[in-house]
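Let's have the full structure, built from the sequences with the hints guiding it.
Under our numbering, the first residue of the sequence shown is numbered 1, with each subsequent residue one higher.
Hints should not be assumed to be uniformly reliable.
Stated by the list, open to error - Under the rule of at most 30 angstroms between Cα atoms (straight-line distance), these lysine-lysine pairs were calculated in the DSSO-like manner:
id: 1; residue 1: K247; residue 2: K295
id: 2; residue 1: K211; residue 2: K34
id: 3; residue 1: K269; residue 2: K247
Unchecked claim - Distance ranges between label pairs, derived from CB positions:
id: 4; residue 1: T267; residue 2: N55; range: 37 to 47 angstroms
id: 5; residue 1: T212; residue 2: T267; range: 39 to 49 angstroms
id: 6; residue 1: Q276; residue 2: T212; range: 37 to 47 angstroms
id: 7; residue 1: R124; residue 2: A296; range: 42 to 52 angstroms
id: 8; residue 1: N69; residue 2: A251; range: 41 to 51 angstroms
id: 9; residue 1: L5; residue 2: Y205; range: 17 to 27 angstroms
For the record, the hints were derived by calculation from the structure and aren't laboratory data.
As the structure is a prediction and not an experimental result, all values here were calculated from the model.
Note that the Cβ used here is the ideal one computed from N, Cα and C, for glycine as well.
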Amino acid sequence: MNSILFLLDGAIDFAGLFPPASLDMQAAVSNYAKYLASEHAAMLGRFVVPVRRLNEFEEASTKFLPRGNPVYPWRLSAISSGNLLADLEEIVDFNLFHARDEQAGAAVVDTFELKVETVDNIQRAMYLIPRSLSTHFEIPITTDPSDLLEAIGLARARAKVRTGGITEQTFPALNDLARFIRICAEQRVPFKATAGLHHALRGAYKLTYEKTSDSAMMNGFLNVLLATAFARFDLGEDEIRELLAEKSPEAFTFDQEGVQWRRHRLTAKQLEVARQQIFLAFGSCSFEEPIAELKALQLL
Numbered sequence: 001m002n003s004i005l006f007l008l009d010g011a012i013d014f015a016g017l018f019p020p021a022s023l024d025m026q027a028a029v030s031n032y033a034k035y036l037a038s039e040h041a042a043m044l045g046r047f048v049v050p051v052r053r054l055n056e057f058e059e060a061s062t063k064f065l066p067r068g069n070p071v072y073p074w075r076l077s078a079i080s081s082g083n084l085l086a087d088l089e090e091i092v093d094f095n096l097f098h099a100r101d102e103q104a105g106a107a108v109v110d111t112f113e114l115k116v117e118t119v120d121n122i123q124r125a126m127y128l129i130p131r132s133l134s135t136h137f138e139i140p141i142t143t144d145p146s147d148l149l150e151a152i153g154l155a156r157a158r159a160k161v162r163t164g165g166i167t168e169q170t171f172p173a174l175n176d177l178a179r180f181i182r183i184c185a186e187q188r189v190p191f192k193a194t195a196g197l198h199h200a201l202r203g204a205y206k207l208t209y210e211k212t213s214d215s216a217m218m219n220g221f222l223n224v225l226l227a228t229a230f231a232r233f234d235l236g237e238d239e240i241r242e243l244l245a246e247k248s249p250e251a252f253t254f255d256q257e258g259v260q261w262r263r264h265r266l267t268a269k270q271l272e273v274a275r276q277q278i279f280l281a282f283g284s285c286s287f288e289e290p291i292a293e294l295k296a297l298q299l300l
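In structure tokens, the structure reads:
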């Protein structure tokens with residue numbers, strides 16, 4: 001197995017409902033069903049949906065959800081509306097309905113994502129959130145996030161970092177992102193990244209799919225994934241930043257045994273460990289675009 005497959009196994013959470021794709025629910029659900037049946041389904045992660053749109057998801061997914069026994073349910077990651085108690089009630093109701101009614105189809109919200117600003121926010125939320133939900137706390141990284149990440153680690157929760165958006169201002173400084181990755185690796189805090197990661201390597205790209213869209217320097221999902229993997233095995237913060245900034249495909253070599261970035265190397269097993277322990281997934285509004293870029297780089 002090529003090491004790129006270890007790196008990307010289940011890595012792409014499909015966020016087609018969100019900008020810049022902004023698909024309607026029917027199109028997003030239909031696309032997800034198609035991707036699950038595609039040759040690259042192993043790279044597909046969860047379907048990302050706002051809690052407030054779970055009812056809409058149920059209506060759109062009726063003919064697509066699997067039924068029978070045994071069955072593998074669609075896994076959903078639900079984005080908080082900001083009303084924690086109401087969100088949790090909706091998630092519990094959704095999961096109970098799909099667990100009890102076979103004709104409803106198999107689906108489960110097993111991951112919950114919400115924004116926080118303080119350690120107190122994290123502690124209060126974890127007091128209410130059931131252990132059956134894996135929780136990602138999206139935190140700010142413009143200042144040192146050590147205390148927030150420590151609290152997330154102590155709660156056995158997960159972090160979430162925003163790596164872009166549809167305006168240039170939403171992209172974090174490389175220094176801040178490198179620091180975040182280094183701390184997560186040191187403290188063994190797992191995280192997911194979201195937004196601005198549908199391109200394989202760092203470069204200047206259009207911010208949206210509009211013809212008149214502005215361009216900006218965007219992060220590459222390979223950069224962030226590999227920076228995290230190398231950080232897990234003791235790459236320093238300065239070199240993490242250099243890897244995040246890497247734009248040359250020639251700087252990377254993937255083979256059956258592992259990956260090489262300039263003078264640094266990781267085995268396929270180390271990539272697998274880094275994925276299991278630290279970098280869990282990244283949200284992308286497109287599943288096809290990352291696949292196309294990997295093919296263009298002759299990595300698939």
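request  = Hint by hint, work out which the structure violates, then give me just those numbers in ascending order.
outcome  = When the structure is compared with the hints, none of them turns out to be violated.
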